[in-house]
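Below, each chain spelled out in residue letters.
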Amino acid sequence: MTETAVATATLEVRGLHASVEGKEILKGIDLTVRQGETHALMGPNGSGKSTLANVIMGRPGFQVTAGEVLFKGEDILGLTTDQRARRGLFLAMQYPVEVPGVSVVNFLRTAYQSIKGEGVSALAFRKHMKEKMNMLAIEDAMVSRYVNQGFSGGEKKRNEILQLAVLEPEIAILDETDSGLDIDSLKLVATGVAQLVGPNLGVLLVTHYQRILNYITPDFVHVMINGRIVKSGGEELAAELEKKGYEELRKELGIEENGGDAA
Amino acid sequence: MEPATKVQGFDEEALSALSSSTLFVEALRKQALEEFLALPIPSQETEEWRYTDLSDLDLSFAPFAPGGDAESLNRGKILQAAGVVGERAGLQIQRNSEVVSTQLTEGLGAKGVIFGDLDRAAEEHPELVEPHLHALVPTSRTKFTALHGAFRTGGTFLYVPPAVTVELPLQTLTYLDADGAAVFPHTLIVVGQDAEVTFIDRYVSPALSRALSVGITEIHAGAASRVRYVSIQEWGDGVTHLGVQRARTGRDTELRTVAIGFGASLARAEAETELAEPGGFSEMLGVFFADGTQHFDHRSLQDHVAPNCKSDLLYKGALKGESRAVYSGWVHVRPDAQKTDAMQTSRNIVLSDRAKADAIPNLEIEANDVRCGHAASVGPVEEEQVFYLQSRGIRRDEAERLIVFGFFQEVLDRITLEEVRDSVSHAIEQELAGEG
Chain A
9 MTETAVATAT
19 LEVRGLHASV
29 EGKEILKGID
39 LTVRQGETHA
49 LMGPNGSGKS
59 TLANVIMGRP
69 GFQVTAGEVL
79 FKGEDILGLT
89 TDQRARRGLF
99 LAMQYPVEVP
109 GVSVVNFLRT
119 AYQSIKGEGV
129 SALAFRKHMK
139 EKMNMLAIED
149 AMVSRYVNQG
159 FSGGEKKRNE
169 ILQLAVLEPE
179 IAILDETDSG
189 LDIDSLKLVA
199 TGVAQLVGPN
209 LGVLLVTHYQ
219 RILNYITPDF
229 VHVMINGRIV
239 KSGGEELAAE
249 LEKKGYEELR
259 KELGIEENGG
269 DAA
Chain B
36 MEPATKVQGF
46 DEEALSALSS
56 STLFVEALRK
66 QALEEFLALP
76 IPSQETEEWR
86 YTDLSDLDLS
96 FAPFAPGGDA
106 ESLNRGKILQ
116 AAGVVGERAG
126 LQIQRNSEVV
136 STQLTEGLGA
146 KGVIFGDLDR
156 AAEEHPELVE
166 PHLHALVPTS
176 RTKFTALHGA
186 FRTGGTFLYV
196 PPAVTVELPL
206 QTLTYLDADG
216 AAVFPHTLIV
226 VGQDAEVTFI
236 DRYVSPALSR
246 ALSVGITEIH
256 AGAASRVRYV
266 SIQEWGDGVT
276 HLGVQRARTG
286 RDTELRTVAI
296 GFGASLARAE
306 AETELAEPGG
316 FSEMLGVFFA
326 DGTQHFDHRS
336 LQDHVAPNCK
346 SDLLYKGALK
356 GESRAVYSGW
366 VHVRPDAQKT
376 DAMQTSRNIV
386 LSDRAKADAI
396 PNLEIEANDV
406 RCGHAASVGP
416 VEEEQVFYLQ
426 SRGIRRDEAE
436 RLIVFGFFQE
446 VLDRITLEEV
456 RDSVSHAIEQ
466 ELAGEG
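One line per chain: the protein sequences are A and B, in this order. Per the working numbering, the very first residue in the first sequence carries number 9; after that it's consecutive. Per the working numbering, the very first residue in the second sequence carries number 36; after that it's consecutive.
Excised from the complex, chain B in its bound form:
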């Protein structure tokens, strides 16, 4: 395990130790640091942070942890920790605070696809990065997004030019093994008109005594583009994960996102889609499984700004041990968003009487010709189902296992990437087999 650097905490001195790739980035950092210092730690008294208490969060993390040089880097080991990586059009590995490797299939570069370290992209393609970086998730959003804006290093930039279809998925693997460090993964995706791409973000770490990850994903999906984005959060115990993902769709865009959460001690994951132009479609799937004393706070927003858009959200989660999960989802239909068709469904299966889940749907509808619906449920495995399976000779534990798998199957059936389905099935299997 790499020891983190000696510097701890986040102040001007710590910031001055970081290099900035461009003047734009430097200015962004300075402004964000001011915001960070001025903003309070979010209070549980606000609706947004009601379910997660960070008031005691000790911010004495190391702001930078090296990724290691090429020799000390055991890429095989990192990949192994990340599970199966299927065939890729591009793969980037970030270890701790640094991008350590980037690969892109030959030919895609020639088509104008840009994929790599966000800082390098800021230098080489300022015209693409500057208008988009923190355009959807401003640094001033919270104390933590400000912290991210100030101290982010590494990160991923993906640009797909108009009318280019990238057949195979691209992926960034963010691997954290510096105990006591804070990392700030950032994924900025810009997809041109009528282009098509699939991107996978995977976050992996061993168990650590403590670490912080404040991640941001911004997806600018152009008109009539088809974008699939999958995030897989598998941090080890000890990691506090605070993630914000926001996408904006263009006219007739088809955006499909999947948020998978199994790891971290405390994970707060916000996923938002702004349907900014007519005819957009946003599918938002979520799968999570909490055990031990894990605390999950999932929030979603389907923000219908333009008319004739459709959004469909389905989150499914299971809880074991003494874990705690809250899902709160918003559907916001703005005054111009006539003919909106929005659905939001949250289902939670609670496998232990010491675990607790809540599902809180919220609709805010300001247009009058819309179709909106929501459904939420929290409950144990249904005894009727257990009895039915037992009456066919299946033992109780096996019956519950089948039922929980079946519970997740509805989401798995909608995940188009087979390897993601397989890896989620495998993770569920392990969660079910594990203690507590």
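If we strip away everything but chain A, and leave its shape as in the complex, we get:
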């Protein structure tokens, strides 16, 4: 990674509404993530966190009904997913997809060339990948296996983090990267992410639980309930949530349980 002083990449979500099959999931989201910042987006299941992550990346099946998503000042909602990725966005998936017959190294090399341009030599790529593998303590055998095929839950998530490390995006969204992991796997994944956090990377960490924040200290914490960000604050908000739980916060803010609006 080079430490040159360039303009800070910014992801801005403005007044975003989105639906799935006619049902509105996001009801007006405003959120700004700058390169170098770490934001935790927390909320109960079904609050729309993952929808936000997927809409930003352009997953098919979601309809944006209002609002915009700007990246480096450009509205990216009209761009294809691969164009968004080439501009410097990354989404670590909640459920990484198996791609049979395509090895991790082949997949990564193709992705790296797509993002960095054709001028990358095979040797330079190898060296770059190896460096990231060493950093994340990923063994050689993993990258010659087919993408996510036969991977354990922990391996799948570590593979996501390896991709994040190799592809060097400016803003990465981590969609429940901590979910479904035992404590050892969580530690491996979270310390991996922690090593990548720095001035060149902005992170939007989408999570249900506070436990990953034991390894990664967020600059900002946002709480999302029923398709809205209902509270934002600093690192202390996560601790508060951990103590109170979503239920108490909901009551405190006067939010009805079944998708009702705030009073």
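Hints were generated in silico from the structure; no laboratory data involved. Treat the hints with care, since some could be wrong.
Distance ranges between label pairs, derived from CB positions [claimed, not checked]:
(1) R245(B) x K138(A): 55 to 65 Å
(2) A468(B) x A149(A): 25 to 35 Å
(3) Q157(A) x T57(B): 50 to 60 Å
(4) G121(B) x S27(A): 53 to 63 Å
Away from chain B, derived, C-beta distances all over 12 Å, residues of chain A [stated by the list, open to error]:
(5) E82
(6) L85
(7) L204
(8) L245
Each residue gets a CB set at the ideal place from its N, CA and C atoms; glycine is no exception.
Dock chain B against chain A, hints included.
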């Protein structure tokens, strides 16, 4: 391009123009011609021919097309058309209806290996040819196998004596460039006990206005032998390909076959293994890629006759354009075939909404202590996979290309011959790059 001879169609007069190497062959031809004339063109009303309509097939093909003399034969050009030919223990080239060249590594002959023109083998080794020719695929099987029996010329005979291991593959290249001709490639392989051999059949032609190939492969694999057989069908447009391959395994035989189909306008390829003795193993791999208006009809049979045998079939195909492919596979477990372990898998990836694929598995189980399974799928490239690759910056077309390659990789990983793997990869690459 060689013009085909003036004679067209298949009757007694046409047959009388062909020479027969032995009385045995002559009798076979006569009987087969009778069968041909008596049998109807297979009807789509039968289960076997439901997916392929040949009722309009005009049989006015030339029954014989010369291979050309040594001077007119441009062997280099033919080999070039066949792609890379790796190191071989033996190579035979048949051009149109005639074998034009046969080579066998010195030393193999001394070990008793016989490799060459089937007609010559019928003359020189009747004791090996007569009990085996059309023993697995009788001429009376269909109108087309009868036609083959009557009009076959050329062909390949391979015999590997007991306990002989042939390290390098042997190959026959069948090259067709006579427009309007019918050819009848026949490969007869007899492998002795505990012997080992790899054989590659490759069928190549340029695009023709019309031609017919009715091919038969018969593999007699002796006890504890290890036999690998690869067929690569790369006929040009305009060719109708009707192929039947049948193998019989002995006790503890290990047979691995690969059927690769990229060419022809219409290709029907049947592959069958009869596990006739205990302890046999049969692996049947298939790879095909259809484009344009190609029609592929693939059929397979894992015929478990004896107990304690294992068979494992995996066919993978991709379709583009307006192509059509049907795979129908049978696993037949006969009453004595206890402890059978049979698996049959067919996967199809459809890359165009104008293309259509079907996969039809059939199990017929007459024994009660067996393990049988089948899996079949037909579908487009999975959008989840495309999205995943796109989210890493990979463009959609490149993502699809990677996914299709990955799809075939499962079969490629099981093909032991590197040059065959490479040549299949190359063919897939070309199919993906081509229009429609």
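In rising order, the numbers of the hints this structure does not comply with: none
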